[in-house]
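Let the sequences and hints guide you as you build the complete structure.
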Amino acid sequence: MKGAKFSAHAELVHSVAAQLPNDGTRMQLLASTVDSSWRRCLNDFNLDPARDYEPEVLDHSRLKQRQAELEDLVQIARVEMDSLYEQISGSGFALLLADTEGVILLERVDPTLKRHFAEAGLVVGANWSERCEGTNGIGTCVTEKRSVTIFRDDHFRDCHAGLSCSAAPIHDPYGHIIAVLDASTVSTSGGREAQLHTVALVNLSARLIEKCLFLRHHQSDAMLRFHHRPEFVDLLHDGAIAVSPDGCIVGTDITGIKLLGAGGRRELVGRSIAEVFDTSYGELRAMTNSGLRTMQELRDIRFGRRYFASLAEAGQQNSRPALSAHGGARIVRIATERSNGPLSLEELAGDDPQMLRNLRNAQRVAECAVSVVICGPTGSGKEAFAKAMHLASSRSKQTFVAVNCAAIPETLIEAELFGYASGAFTGARREGMRGRILQSSGGTLFLDEIGDMPLLMQTRLLRVLEEQEVTPLGSEVTHKVDLRVICASHRELRELVQRGQFREDLYYRLNGITLDLPPLAARRDKESLIKKCLAREFKDAPMVSIEARAMERLIQYAWPGNIRELRNAIRAALAICEDRIIRMGDLPIAIQQFRPVGVTATLLPLAPPMSMEGAAISLESAEREALLRCIEQHRGNMTVVAAHLGISRNTLYRKIHRHGIQISRRADQTQA
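Just so we're aligned, residue 1 is where the sequence shown starts under the working numbering, counting upward by one.
These are calculated hints, taken from the structure and not from any lab test.
For clarity, every value in this text was computed on a predicted model and none was experimentally measured.
A portion of the hints provided could be inaccurate.
[Claimed, not checked] Pair by pair, the computed Cβ-Cβ distance ranges are: (1) Lys64 / Ser280: 28 to 36 Å; (2) Thr399 / Pro454: 43 to 51 Å; (3) Met295 / Glu625: 41 to 49 Å; (4) Gly261 / Arg78: 28 to 36 Å.
[Unchecked claim] In silico EDC-like pairs for lysine to aspartate or glutamate, Cα to Cα no more than 16 Å straight-line: (5) Lys539 / Glu476; (6) Lys145 / Glu101; (7) Lys480 / Glu495; (8) Lys211 / Glu101.
Idealized CB from N, CA, C, for every residue including glycine.
The structure is reproduced here in structure tokens:
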């Protein structure tokens, strides 16, 4: 029976496509979408189209919890749905907002038709995923990740054959689907063409919600709005680019990507404004602050196309109001991942601007013989990044060999790297050993903490790199090798060279390109990175949950141990939590007790009591001194300085300006 209905439906869809030659492309897409959905219903979900299934509806408390998880979205969508409903009222359509699991969170329905929609199962709290309801606007849009129209008999289940649904995805500021906006009717009259107007309105409303979400998320960043036509700037159809104080692009909406002809968000994020447009961020700000004009002309570097643009300075609000606005009763749910394999370069880069810059550079040199040095604090993921570079290259089928130069005793490191012949020294293996360099030939040799390698070994390594051959200890036989070397260090190699602790010629041989991994506290995608770790560490159920209060504490924490500390903290919390929900009490004590504090509380020692007359002057002077020390300590990396002090970068720059601190151009552009 299932197969017969599937065949009949396929014939119906293709016959409709044949009758509409002027819109053949759209109908072919429709046929493919519906056919794929029906196959999932039959093969993956084992649904019977004629059977009446018990609807899945969330209870009040679980529904409220889901609405709270997407509070920003719900607030914005409610306003836009009210506006859209005014345009389509009387047409028989209901407006529905659903999350990515297909659960309806909001509805806007004509009161006279509410009973009919309730009978069809289109009520708040109902689960309209394909798994529950078969092919339908909400569930199929979530799965296909694009706008869909499911018209009458396109629905897999017979009981939904009278419905007509048009749905559009809503993306979060990182480009991931966060929800679906759907317009459904239970009394369709006419054909598919009658719905085109409603479909267009739903798509427009979804884009407007996306724009509002993007602007709210980047309230603490400057915002560049641009379009080819000046009358469209600062409206729905313009492109929006979020810019950090150092002129680095930290976010862009979908329209901005399309207007610039970029292949995706990752092509733009992490670049400076001057790499994308024919002007610098400083020039944009100077023109904006001059008051000469509000609209500026600029051209993109890639194509030379003209745009009109406006620049708005950063606001004062927190960019995560939804997380910080409520207490511990709220729960954040995260879908788990089954993958146990190493992360790819794209997964490691996440959505952080500096990591995306590293990603681009790593991809460019993946097939080159250029040596790579990965810098970053201990625990920031240097070995994982090196392994991902290896897997992204044509050497991926060969061996990846990692050597921690700081963990091997100085007396053994030579034998470990270069190998040895039988009987080379007392205690040597009878059969000898090939050595890590020979083992890595054709693959990748990763030398972690290269700065701790003894000087004598540095000399031998330089010779191996130059000649591409190695001679094991106690042997006269030289072996040719095909080496690709990636090095890593948490220490500044240039400083080691100046102190005579690292060979200058080896430094220049290894330092073909340097990739700086930021500390976890400085990453702008820290929240999504924490969720990624939770998803990969917990595999016993499809979802892992964490109290919003605990999640906020993980985001605020300074993470001196970086990603290694994060993973250990999450593993410990998952091991002791109850009901698969991580609560504040499940986190390590250091994280529970952490409080973000200001500059004076963090850096200044206790001072003796002072008179009220001198208090303001002394505190101002002390804060200025503390800022200078912290900036010097972190070599002018403003992102790290802000994270260390527990303040936003905007607040940091305001303090620097107030105290008249001069920042060199090099330091100011550390993150550009």
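Open item on the list: Hint by hint, where does the structure go against what was stated? Just the numbers, ascending.
Closed with: Structure breaks hints 1, 2, 5, 7, 8.
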